[in-house]
Amino acid sequence: MRRYASPLLFLLPATVLITLFFLIPVVATILLSMTDISTITFRDPSWVGLQNYRDLLQDPFMDKILLNTARYVGFTLLFNVGMGLVLALLSSLVPERYGDPFRALWLLPRIIPPVVYVFVWQGLMREAPYGLLSDLTGVSRNWISAEPWNVIVLANGLVGASFGMLIFTSAIRSIPTDLFYAAAVDGATTWQTVRRVVLPLLRWPILFVTAYQTLSLLTSFEYILLLTDGGPGFYTTTVWSLHAYKLALSNYFGNVEFGLGAAMAAVLVVIGVVVSLLYLRLFNFRTLVTEPKVEVN
Amino acid sequence: MRVKWLLGILAVLLGLAYAQRTITIQAWTIGPDDPSITRFTNLQEAAERLNADLAKEGADFRVKVEGFFDTTDWDPYLRRVLLAFQSNQAPDIVQASAALSATWAAAGFIAPLDEYIPKYAQFEDVIPTLWDSVRFQGQIWGIPQDTEARPLYFNKTLLKQLGWSDAEIASLPERITNGEFTWDDVLKTAQEALEKGVIEPGKGYYHRPKNGPDFIQWYRSFGGRAFDPETGKLVFTKEAALRYFRWLKEAVDSGVLERDRLDGNWDRFHQNITDGKVLFFSGGTWNWAEWDQQWVADKGGQEWLFENFGFAPHPSYKKGGKPITLSNPQAYMVSANSPNKEIVVRLLAYTTVPELDGKHAVGSGHLPILKTTPETLDDRFTREVSYLLNFTTFQPAHADLSKWQDSFFRGVSAVESGDLSPEEAVEVVAAEMQRLLRDQVIIE
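Chains as they are written, first to last, in the UniProt record's numbering: chain A, 1 to 297; chain F, 1 to 444.
A portion of the hints provided could be inaccurate.
As the list claims (entries may be wrong) - Think about it this way: if two alpha-carbon atoms lie no more than 25 Å apart in a straight line, the pair counts; the simulated DMTMM-like pairs of lysine to aspartate or glutamate are: (1) F:Lys-210 <-> A:Glu-222; (2) A:Lys-64 <-> F:Asp-228; (3) F:Lys-196 <-> A:Asp-44; (4) F:Lys-210 <-> F:Asp-75.
Said to hold, decoys possible - Each pair of labels, with its calculated beta carbon distance range: (5) F:Thr-231 <-> A:Thr-19: 58 to 64 Å; (6) A:Gly-74 <-> F:Gln-161: 44 to 50 Å; (7) A:Val-27 <-> F:Thr-24: 36 to 42 Å.
The hints are simulated quantities; they were obtained by calculation from the structure and are not laboratory data.
All C-beta atoms in this analysis are idealised placements derived from N, C-alpha and C, irrespective of residue type, glycine included.
Just chain A, with the same shape it has in the complex (with noise of 0.2 Å):
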């Protein structure tokens, strides 16, 4: 037992935050999933069991908002991810005097309150003379509403770049250089370079960047609320959380269903710990924990 004290020791702090943290909230989840909880029964809650999951599966429009997250979630990635390393790649190949104002520009709409932050693209986007974007084609219309994918993902991709730039850039940063005067001395162009020496390299930083956006989009929903509010129109760009977040918090009549949201939201946490999983498979985790192989001493 002794030798397994030190162990659990330094485990505890951990263990604990993700007890209070992850754990309970999970249970609690669950737990209230299972009952029928609602603004009228707050007091006096009763259990249904599986009910709000059988309403779940028998809601006609589950299907549409489960593509709508898949959608979100995957053009979002895509952008956010490929920009992301656009940026660091470009970024790193010009002098650190101009590459590291030009990674602090992209910083700016991270920085930005999400709600200023729609003002903005709210600006932009409206009808003429109001929008910029319809002053500047002379179609005036309304492109949020007319565009509200294309905003959506541009909105959000555009704020989530930022996080992956700097994380390749970093990763960038640590490859050896002598490995970039053997590819030069190879006679490799730029393109080859970066194809064959940067990304292999890349690997595990791509997959923490794409595993952590996931995990992140699937569950962030403030930018769809403040710029269309799921619409518009019907559920046009209703995502999961966010309609978990409707029923169970936000209701224009202030009937809120917590039980029914807590059900969502349970089936939130299955599909990150599946998507997670997968993740950890397609990328061969195994391999990239591995001892790394790119340090030359």
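Chain A is already provided as a structure; the job is to place chain F on it using the hints.
This is chain F only, laid out in the frame that chain A set:
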């Protein structure tokens, strides 16, 4: 020495005993339209009057109103209220839609007020039907704060450009009232305006850009029934919903109504209307005050509005049918946990007087709740629009009404966006209501 000390302590104790207490009454209120701020300031003014009377009576306490007036949106406000109720930290007074009194009463969050109301003569002046809006299971759960009508507005200038004479325009409210001008005529007129280039596509008819009580009004105007007073259950009339959905589809397909009208953007709603681009538009009387103060103040305010806009009840779907409007009265509700219910209701009585009622009505474009208030007012809009109350209806007092409304709204948005045909949408709405409301809804 000891006697001096004792006398000193006694004096302090006596002083404390006679010191004036301040009872702080927490009140949370919302517009969200800015001009409705009198929902909060009237409470503060009433507190001053109450304190003056308390002084005359020699009472050992005074009241102070604290809280806020919210101008954001119903969603965050109601969430805040709900979380406060759930954590037993609710304010003494919550102002919200009277229809919510049923939900909050069922949840045990608010107090019945029947025993307090007879004590104050001010409440006798309240228009009697307004008490129905806060009555649930035989008890009264709130004090009416204001009411309104939801007219069908029309742009007189655009109608004129379409070739209507002044007399035709002036008689439109009457023609709607006597059932001569129907929803189909609204559609035909808008289609004609579109063909003649008087309006841009999508601007023939505007309704609110997001969910709200109004949809029940339009459903009723197409012959729908939402409540069965005998059983106390909600009702969904498929035939009426189908009529309404078909109308919406035709409006969208013919370019009268924007396919993305439900985009949640109120600015876009107000902007196009006050830019004079929209022919017919459904709104509330409070919108008039918003337009006046926030959107057309530089064009001439009310005068400009009267020159350009007219209003009428919402028409029937059939010739000779009855027109309709909806009132969604606001009410002050008293938290079940408030330790000061007696004095809170007295404060509300002091708020329920013609002067403050009139101040709120004129300032915010709502309608007075007191029988005597109109006599004290000289405001053209209040005078001209008040007749709409003759056609008014309320939302049914049912704790699960919101589920009915959410389901119905899904149908509306599905039809407008083209995701479902009217026939499919009716079936989907019926199935969803059946699933969510179970035995609490009659599908007919």
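Please name the hints from earlier in the document that this structure breaks, with their numbers sorted from lowest to highest. Checked against the structure, the hints that fail are numbers 2, 3 and 5, while the rest are satisfied.
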